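**Q** Below are the chains, spelled out letter by letter.
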Amino acid sequence: MIAKKVQFLIFLIFVLSIVSIAIFAPYIATHNPNEAILTEATKAPSSDNLFGTDRMGRDLFSRVIYGTRTSLYSTLILVLSVLVLGGILGIVSGYLGGFVDVIIMRFADMMVSFPGMALAIAIAGVMGPSITNAVIAITMVSWTKYARLARSLVLKIKHEDYIKAAFMSGTRTHNILLRYMLPSVLPTLIITAATDMGGMMLELAGFSFLGLGAQSTSIEWGYMLNEGRAYMQSASWLMIYPGLAIFITVVAFNLLGDSLRDLLDPQSEDQVLQKKIRKTKGESLA
Amino acid sequence: MIKNLKINILLVLLLISTTILAACGDKNNGKIEGSHLNFGVYNYSDSLDPATNTNSSWCGVRYGVTEGLFKFTDEVVAEPNIAESYTVSEDYKTWTLHIREGIQFSNGNDLTPSAVKDSIERLYAQTDASKGGSGNSNPDGYLIYESITADDAEGTVTIVCASSTSNLPGILAYPYFAIIDASVADNEIIGTGPYKVDQINLGVSIELLSNEYYWNGEVPYDSVTILFIDDSSTKAMALQSGDIDLVENITTASDLSTLSEDEEYYVSIAPGVRTANSYLNYKGVLENEALRQAIMLALDKETMCDITVAGMYTSGISVLPSSLAYNYDQLSNPYEFNKEAAIELLDQAGIVDTDGDGWREIDGKNIELDSVTFTSRNLNEFAEAVALQLAEIGIKANVNIRDYDTALALLNAGEFDIWTCNTLTVGVGDPQDYLGNWYSVNSGNYGYYSNPEYDVLYEKLMLELDNGKRGDIITELQQILIDDAATIVYGYYNSSMISRADKVVGADIATIDYYWLTTEIKPTGR
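Going line by line, the protein sequences match chains A and B. Quick note: the first sequence uses our numbering, first residue 1, plus one each step. Quick note: the second sequence uses our numbering, first residue 1001, plus one each step.
Below are the EDC-like pairs computed for lysine to aspartate or glutamate, each with C-alpha atoms no more than 16 angstroms apart in a straight line: (1) A:Lys43 x B:Asp1306; (2) B:Lys1339 x A:Glu35; (3) B:Lys1093 x B:Asp1466; (4) B:Lys1396 x B:Asp1370; (5) B:Lys1396 x A:Glu35.
Don't read these hints as lab results, they were simulated from the structure. Just so it is clear, the structure is predicted and the values come from calculations on it, not from any experiment.
This is chain B alone, in the form it adopts within the complex (with noise of 0.2 angstroms):
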């Protein structure tokens, strides 16, 4: 009896001091209310470093805690930030960007031309293996500079570029150059955006503070805590239990569809600037023609797009989105969707079933296609539909779903006939880099693919200063992949940003991916 009194009191006492912790928890999580913001994103870098690799270059800039000398609007134009305004030379090779006065980084320090020269100087230093840089960035291929130069007194910022530039503001809108203090970039990453680093839980979180120095306007939340959450239906769930007040990107059509459906949520769609295609591979059996081209018309992209990804992706037939300007209205489609005209152009190329497998042979061997990618952004849905309407013109295709390194080093040792990614089209606001992926003599030329009168136009492209018949070029060149069926387009992912209508206002996704937390994002009411 007095053994259970005793079990009882400890149970009581055990229950009183869990609920008074719990209470103490609770008041160390809820900072101030409505100044507190919980951002939950994939962890893509632990760094904020813009020398360290692609990715950390983006999570500043997407953070809110670095920015650039200039910054891409909606409509993908690159716009005066940093600088407030820019004079080129004629041949486009000197430019002078006048910075904007008064403007300090989030520690205090002035940010003077010279702080940019020094920033810049230290991503090219970072990045340069031969001078003991071991950042993995790669500005150089951006941008290639004979010298920069500072006026404090001017404030001017002079950069001497190696070649004709036309697209400098573009690329440096690029995450790789925004602007840090280089002076503190050994000990922490000190940018211009809202946000300062508080904390960093490597793989875990990341503390934000607001920037007392802002230049531009209030900074909405005294606090921000970007919660690193891989998986997309933890995300959504973690939104709908209120574990956190905003998500980007919930790739799960499903999720995506609960919470548009559900008016607590406010869901931000953009038509995206990224492009989500399938490399083939020319070394192997995808160098046949017919093959390739029946490949095209088996394949309802339509319906992969619309109902196999929910409306993740709007469906196209180009490299470049139809978003933007780059006369997608004036591109034909010779592939449209027809199963049964599949059938009949593998007939009659000889591509036949001779052995009764089921399976379409070329010389006597069974194609067996080996389709590579990795689980982002819906491209193993879209691995999976094409292997499953393949099938069904006797092509037999593998799905090979690995992880993002992996498929990335099957994808440089040419050890796929199929490979699907996802890619920022317009990353410096200009297709040119990415359209070099099809250039014959480019070591991004995944699938080596080799067209002489797509390289004479490349070139071409590339000494063209003029913007129209950079256009025209574009054009051009968008069209001979199409009908050479050089790659499998799906579509242009839709970026998407949720919040909970009751805590956040103005969530909106920005078109190009490397703007999330602005100061455009605030709690209810301010």
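The following block holds chain A by itself, in its conformation from the complex (with noise of 0.2 angstroms):
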């Protein structure tokens, strides 16, 4: 336990420097972002600009520092979003059941039939390619999950006797909700999202890199990199920061979910004590 304590300490404090990267982002560039020399496009990697120029002209490796703002930002609000509709829904799913579970889970299943990235292309393709879009585009196809984690949850607690004494004693249908269906729920959720939280800014990375996420006027990695593209032979820096980027970062989150769920979660813990009963006699046997 301790040694995973330490586990998720070291990983949180490399989540953290990232996270102060993006706060610190103007201290630590060495040039404005947007600022474009158009005779100094594409320059190889000096101590003037340390991972070069794009073809604009501007320094990547102030572009690389401000992106970390974008792709932390973006990444946020659709990991919230998705927490926020897919949790509402499940849990007034779970709860209310009848007509009202049948219809969200209904849709949700039918959600889940496309393939989730396909599907998000096609609505950020209708909506038009913005940054916005890609984060509605992506929650749209990402909620169900949390909808039928939160409502297989609430099913889980709904005919516990403190809830029936509660509807009993005449509390009201959104207190039962906030005050006890809400705190059983979070937590899960949480750690489901915390470990979301790579995965999902790949996501909208690859949405920028097919250009429909960020556009020109935001700095981003994945619109990095797809700039990065037609260069990637002559001037391979425009792709390599960018990517080094979102790779680190994404490894960063992965490990910090994984982390805080081998931490929080106490069934992962007999999953393994389980397996490592099972492996046993399975050696015994032999």
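If you follow the hints, you should be able to join the two separate chains into one complex; please do so.
**A** This is the structure in structure tokens:
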């Protein structure tokens, strides 16, 4: 357990350093990320421009640093949107049951039956390319997982005596939902959201890479990758540094999410224990 | 142990069968060494029917399947091709075309004057919705004729135009008017070019075979695979890996530069007759003349053409390319790049930043230009460079990169401030149609530009038949557009064709980009 806590602490520091980079971007960046000197386009990394310059003559290091803000901010909004939407629909569906449950869950089934990314691309394509639309599109296809999770957790406690007691004593539905259902659902949803951060970030970057997310006016890693793609052979730094930034950040959030799950989710600990027992039994049989 | 042995035997068998199958594949793909060409192209259309749409008509000619009665030289002069000569009445209404004898379509049918007549009539019928036509090509935009008659005995086709038409050879050289065998056109497109279609794999490739009936010399390749590769970098890499031997228009400057520096590749670049420009919407904030003038002053077009798009364009000031004979040298530009002058002009015009947010305002409202474009021939790079340079003088421009169809819809709906595109300026060998894009009553006047002086001159151009006088009028029209800061002109696109030097010779790109796969392109050693 202590080892897990230490591990969690290390990953938390890792993620916090990335967050700090986003917060203190103006102090870390060496240039104005939007300042374009067209005559200085695609210069190789040097002491003036640590990561070189992009095709518009902008300092790539500063853009990668500022890109942290866009990526973290948009991913946070995305995860919160998915959490809130999926959570509310799942809790309502699970608690009210009946017709409401059927409508929400069948709609969720319908959404799940489509390939998520393809549907999100279609939605973003219809709405037009922008980071906001990309967030909306991914939210629309990702909420089902949270709704199902919240619903199953609600169903688990719905028939507990203390809920029945609350109901019998005349507690209003919204109070039951807020005071009893939400607190029991929230920790699991938060753990799931934390583990999903890296994946969501990657999806957003993918959207921008495809030209469906961030546009040229914003500073975003996925879009930088897209811009650099044409220069893969002659100015590889245009892809390497934004790519590394995405890689490091996604890995950091994934590790933190996994670590958080290991720490807070007793089920996973049980499963590990059971696996160990099974393994030991198997070895002794052999 | 026995289990492992079985697995190993299975793996070896799998390896052997894979090798055999791979060898079979190679045998099929290789065909006869030296007489097969793999040509990588952007997929503009799967159809080669001149009536389907503009792109399909171009593709037929580009792939060497169809040909026109006339053909453009590199100087953009229409010279006889299937028609060997012509006579014209004094009023330029009645044109008698003498059709070359002995030409056959690639299916062996004779190309007679009647076949020419049928082909042209089919084009008009197929594109006339009132007669049930479903084609989207627009031949009426170039030629309206009263009658067309064929005399097989004399070998002539006579076209009587609805109005005086001084440039019929140029019009007939346009790919819409490519001659096809109308008797079989419902099933397949048969032309008179050096190659004929063997198989079309929609969206993937077109297989061509040599036309055994070709009339104009030897066909160098027995077969050609036209491979559709839309991404420019992928095209470059396919050429480098040897998947293709020839490729048209690599539009990523860095890839083109890499290939140019490598002796293994032959890079042909032609001074283009395509202009990259931005239409400015006069129904929006850009109606303000001082703002337009400041924009012109703020843009460093030379740097944009030489560095941002790395020489893919030759910078220029007029809507008509400097390589054409329309007196480019006589034009003057009052808006040479001068950022300070742009700032001063805006300040004097009262277009200033009053709320301190860094962006200038007009009538108390922030200027926020909607710059729409699409990813073709470096247009998005121009749009982004413009937005960055305008930001330096305090004008906000949001770049909106859309797919071509959406961008076109926004253009037609007038939902843009700046719309950047790349246009062939002398499609029929004459810039009259292109200059009509600023004629106030024209449906193609996308920016809603209006200048009575321009309109009068343009109407004069429409009636003028004398080439010398037309040249003078065209020069004046160009100067008016420059003076009015009517449109942002970036430069003139340099078309390119790149081949593997050890496999292909003669792969030179034509000035006018209707002609890609010609009989000049041959295997090495022929």
